[in-house]
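**Student:** Each chain is listed here by its residues.
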Amino acid sequence: MLEIKNLHASVDGKEILKGINLKVNAGEVHAIMGPNGSGKSTLAEVIAGQEEFEVGEGSILLEGEDLEELSPEERAHKGVFLSFQYPVEIPGVSVTNFMKTAINESRKAQGLEDMPANEMLKKIREKSEMLEIDRKFLSRSLNEGFSGGEKKRNEIFQMAMMEPKLAILDETDSGLDIDALRIVSNGVNKLRSKDNAIIVITHYQRLLEYIVPDFVHVLYNGKIVKSGTKELALELEEKGYDWLKEEAAV
Amino acid sequence: MDLKEKLVSSFMAFEDGLDLDHPVHEERSSAIKNFETKGFPTKKDEAWKYTSLRGLEKIDFSIFPKHETTLEYKDVKKYFLHEIDTYKIVFVDGVYSSYLSETTHDGVDVCLMSSAFSKPMFKQVIEVYFNKAASKDESLTSLNTAFSKEGAYIYIPKNKMPKKPIQILHLATGKEPALMLQPRNLIVAEDNAEVQIIERHQSLTGNEVFTNSVTEIFAGKDAIVDYYKVQNDEPTASLVDNTYISQKDSSVVRVHTFSLGGKLIRNNLNFYQNGERIDSTLKGITILGDKQHVDHHTLVHHAQPNCESHQDYKGIFGDSSTGVFNGKIIVDKIAQKTDAFQQNNNILLSDKSTINSKPQLEIFADDVKCSHGCTIGQLDDEALFYLRSRGIPKKEAKALLMYAFANNVLESVRIPELKLRINKIIADKLGVRMGFDL
Chain A
1 MLEIKNLHAS VDGKEILKGI NLKVNAGEVH AIMGPNGSGK STLAEVIAGQ
51 EEFEVGEGSI LLEGEDLEEL SPEERAHKGV FLSFQYPVEI PGVSVTNFMK
101 TAINESRKAQ GLEDMPANEM LKKIREKSEM LEIDRKFLSR SLNEGFSGGE
151 KKRNEIFQMA MMEPKLAILD ETDSGLDIDA LRIVSNGVNK LRSKDNAIIV
201 ITHYQRLLEY IVPDFVHVLY NGKIVKSGTK ELALELEEKG YDWLKEEAAV
Chain B
1 MDLKEKLVSS FMAFEDGLDL DHPVHEERSS AIKNFETKGF PTKKDEAWKY
51 TSLRGLEKID FSIFPKHETT LEYKDVKKYF LHEIDTYKIV FVDGVYSSYL
101 SETTHDGVDV CLMSSAFSKP MFKQVIEVYF NKAASKDESL TSLNTAFSKE
151 GAYIYIPKNK MPKKPIQILH LATGKEPALM LQPRNLIVAE DNAEVQIIER
201 HQSLTGNEVF TNSVTEIFAG KDAIVDYYKV QNDEPTASLV DNTYISQKDS
251 SVVRVHTFSL GGKLIRNNLN FYQNGERIDS TLKGITILGD KQHVDHHTLV
301 HHAQPNCESH QDYKGIFGDS STGVFNGKII VDKIAQKTDA FQQNNNILLS
351 DKSTINSKPQ LEIFADDVKC SHGCTIGQLD DEALFYLRSR GIPKKEAKAL
401 LMYAFANNVL ESVRIPELKL RINKIIADKL GVRMGFDL
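Sequence lines, in order, name chains A and B. At the far end of the first sequence sits residue 250, using full-length UniProt numbering, and the numbering has no gaps. At the far end of the second sequence sits residue 438, using full-length UniProt numbering, and the numbering has no gaps.
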């Protein structure tokens with residue numbers, strides 16, 4: 001599904017990603033952990049095509065296709081989805097209208113007609129029920145005045161609507177109370193299939209109790225310094241990151 | 001001969017065929033004197049610092065339209081809000097077109113200034129209201145007063161409301177290589193009356209048009225007036241719009257100005273609150289490109305206690321376009337408990353576009369709430385990336401953000417079909433289809 005080879009990326013001349021290698025197969029869930037400032041969000045945004053970053057060496061392949069020349073929207077059309085750590089507030093555009101626009105633009109890019117209105121409504125209803133989102137919430141301006149938890153839930157609602165091949169969840173657990181965490185995790189788990197892949201970026205092992213990963217990677221100083229199975233996350237929870245930093249320094 | 005000399009020397013010819021004993025004529029005579037003394041405003045005048053009429057003054061405008069031109073409705077239909085039934089007062093090159101119009105005297109008067117000036121039945125209203133709100137000092141208003149002869153006359157008696165909205169449409173056919181128009185409108189909504197008006201100036205060719213318009217609006221106690229100005233004209237059409245609004249107790253007047261096209265647009269929008277618990281709303285959307293220029297000069301004069309005013313102007317400036325917003329709020333000493341709000345937000349899309357924004361607050365009362373804010377910025381890159389990451393292409397994402405930016409100004413439009421129309425004009429200007437019904 002996703003293959004990242006020796007990826008380097010910098011912003012304003014400062015190198016943040018220093019040679020990332022990562023392979024994610026269809027049907028897998030990978031967790032990326034690591035201390036603050038290690039480059040987790042940068043990796044997520046670079047995969048999604050944020051143009052602010054300069055990609056130097058290396059490549060990102062989605063189903064064998066190099067994404068380098070593709071714009072963020074083209075990547076979205078190919079099935080990349082990023083759940084933002086800090087979703088942007090867009091006053092004046094409702095959640096529903098935003099989703100209609102996003103889905104129909106993606107369909108247009110694939111040479112399809114607009115989704116019929118009744119089908120769209122049905123889908124919106126289904127997915128919002130799955131995430132226990134109040135209907136009234138959908139007519140509100142996108143993210144405007146949403147609580148941290150509402151924003152994150154709304155991100156996963158968008159993911160459910162877009163049905164991506166590769167979803168990257170950037171600290172989706174931050175700002176969620178335990179009930180919201182359960183609802184969001186259940187939503188994500190329902191979206192797991194053998195045909196898609198999910199990358200979960202988090203600081204905490206807590207989320208991984210709900211969304212159980214197949215692999216865990218530790219990102220430190222722009223590189224993946226350790227990879228393992230879900231037990232690695234428990235070890236990190238217990239021991240912190242310092243031992244890995246020391247290991248990496250050697 | 002420059003335009004000023006031409007206008008002043010034409011005044012005598014204009015007087016031919018007018019009733020010189022009519023009380024209005026005294027107003028005209030003193031107005032032409034004021035214009036002769038002051039001339040066109042120049043950049044030396046503080047209020048005209050960023051807007052120059054110099055270029056227009058050099059053009060050899062025809063002042064009096066020579067002939068009546070007939071137009072087929074189908075050829076100009078698109079300039080009407082034709083989706084709904086309305087009264088229509090239509091002028092072609094400054095001359096009333098009865099063929100395109102639909103006036104009424106059924107309980108309310110929706111007709112012409114020329115009738116109001118000449119017919120005895122309107123004499124009293126003219127005496128009470130004509131030129132009572134308009135400035136006698138400002139030179140372009142005086143110029144219009146001097147040549148006031150034709151325009152829209154709307155009189156809504158106490159407790160009345162016209163059956164449908166009213167459209168005022170000024171069409172310029174381009175028969176003259178360059179045409180100057182000076183429509184004069186009088187709108188009176190007596191106590192507890194209500195009216196909705198849409199005004200549009202439209203040039204049909206690329207010939208030069210210069211309109212110097214004056215509109216006086218009087219809102220009686222508890223009256224509600226909604227006035228929509230649609231300014232989406234050709235790049236050779238210039239407009240100076242002078243609007244004077246006088247409000248009595250508990251009246252509501254809302255003016256929306258959509259400045260979406262034209263060469264030079266200057267809006268002088270003046271509100272005078274002559275009563276208590278008055279609500280005045282001034283909203284504007286400006287979207288410009290090329291070398292277009294729009295200057296909004298607003299004045300809200302709070303002269304009595306317990307009144308509100310809400311100003312919200314949004315501007316999007318591309319290419320080498322320039323914008324000006326100058327919002328003046330005066331709160332008199334007795335106008336305690338005034339609540340005056342002013343907001344002007346702008347987005348510059350190019351390095352060559354300019355906006356000059358200036359709030360001007362003169363507050364003499366001590367128990368008031370006055371707030372103002374002004375922002376000038378670019379589209380938010382983070383927001384753009386967010387939308388694009390959801391598959392919305394860059395161009396559409398930009399348009400969506402611009403639409404969202406302007407949206408709250410449209411929310412207060414009370415004619416849904418007009419709202420939709422403005423939305424479509426905006427979408428067209430931005431060159432995108434919106435993926436949803438607005």
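Don't take each hint at face value.
To be verified - Derived DSS-like pairs: lysine-lysine, alpha-carbon spacing no greater than 25 Å straight-line:
no.	chain 1	residue 1	chain 2	residue 2
1	A	LYS5	A	LYS78
2	A	LYS78	B	LYS395
3	B	LYS43	B	LYS291
4	B	LYS394	A	LYS108
5	B	LYS74	B	LYS33
6	B	LYS221	A	LYS108
7	B	LYS395	B	LYS74
8	B	LYS394	A	LYS78
9	B	LYS221	B	LYS33
10	A	LYS108	B	LYS429
11	B	LYS369	B	LYS429
12	B	LYS132	B	LYS33
13	B	LYS291	A	LYS136
14	B	LYS163	A	LYS108
15	A	LYS239	A	LYS5
16	B	LYS33	B	LYS6
17	B	LYS394	A	LYS165
Quick caveat, the hints were computed from the structure, so don't treat them as lab data.
**Student:** For every hint, state whether the structure bears it out.
**Tutor:** Structure-based check of each hint:
1. Restraint check for LYS5 of chain A and LYS78 of chain A: satisfied, since their Cα atoms lie roughly 19 Å apart, inside the 25 Å limit.
2. Between the alpha carbons of LYS78 of chain A and LYS395 of chain B the distance comes to roughly 19 Å, so the proposed pair stays at or under 25 Å and holds.
3. For the suggested pair LYS43 of chain B and LYS291 of chain B, the alpha carbons sit about 18 Å apart, so the restraint of at most 25 Å is met.
4. Using a Cα cut-off of 25 Å, the hinted pair LYS394 of chain B and LYS108 of chain A holds, with the two alpha carbons roughly 14 Å apart.
5. Restraint check for LYS74 of chain B and LYS33 of chain B: the C-alpha separation of about 43 Å exceeds 25 Å, so the hint is violated.
6. For the hint pairing LYS221 of chain B with LYS108 of chain A, the CA-to-CA distance comes to about 54 Å; that exceeds 25 Å, so the pair is violated.
7. Using a Cα cut-off of 25 Å, the hinted pair LYS395 of chain B and LYS74 of chain B is violated, with the two alpha carbons roughly 34 Å apart.
8. At roughly 16 Å between alpha-carbon atoms, LYS394 of chain B and LYS78 of chain A fall within 25 Å of each other, so this suggested pair holds.
9. Distance hint between LYS221 of chain B and LYS33 of chain B is unfulfilled; the C-alpha atoms sit about 35 Å from each other, more than 25 Å.
10. For the given pair, LYS108 of chain A sits about 21 Å from LYS429 of chain B by alpha-carbon distance, which is consistent with the 25 Å threshold.
11. Our distance criterion of 25 Å between C-alpha atoms is broken by LYS369 of chain B and LYS429 of chain B, whose separation comes to about 37 Å.
12. As the CA atoms of LYS132 of chain B and LYS33 of chain B are separated by approximately 18 Å, the hinted pair is consistent with the 25 Å bound.
13. Using a Cα cut-off of 25 Å, the hinted pair LYS291 of chain B and LYS136 of chain A is violated, with the two alpha carbons roughly 44 Å apart.
14. A C-alpha spacing of about 44 Å is found between LYS163 of chain B and LYS108 of chain A, which places the hinted pair above 25 Å, so the restraint is violated.
15. Using a Cα cut-off of 25 Å, the hinted pair LYS239 of chain A and LYS5 of chain A is violated, with the two alpha carbons roughly 29 Å apart.
16. Restraint check for LYS33 of chain B and LYS6 of chain B: satisfied, since their Cα atoms lie roughly 14 Å apart, inside the 25 Å limit.
17. Of the pairs offered as hints, the one joining LYS394 of chain B and LYS165 of chain A holds, with about 22 Å between alpha carbons and a cut-off of 25 Å not exceeded.
Hint check: violations occur at hints 5, 6, 7, 9, 11, 13, 14, 15; the rest are consistent with the structure.
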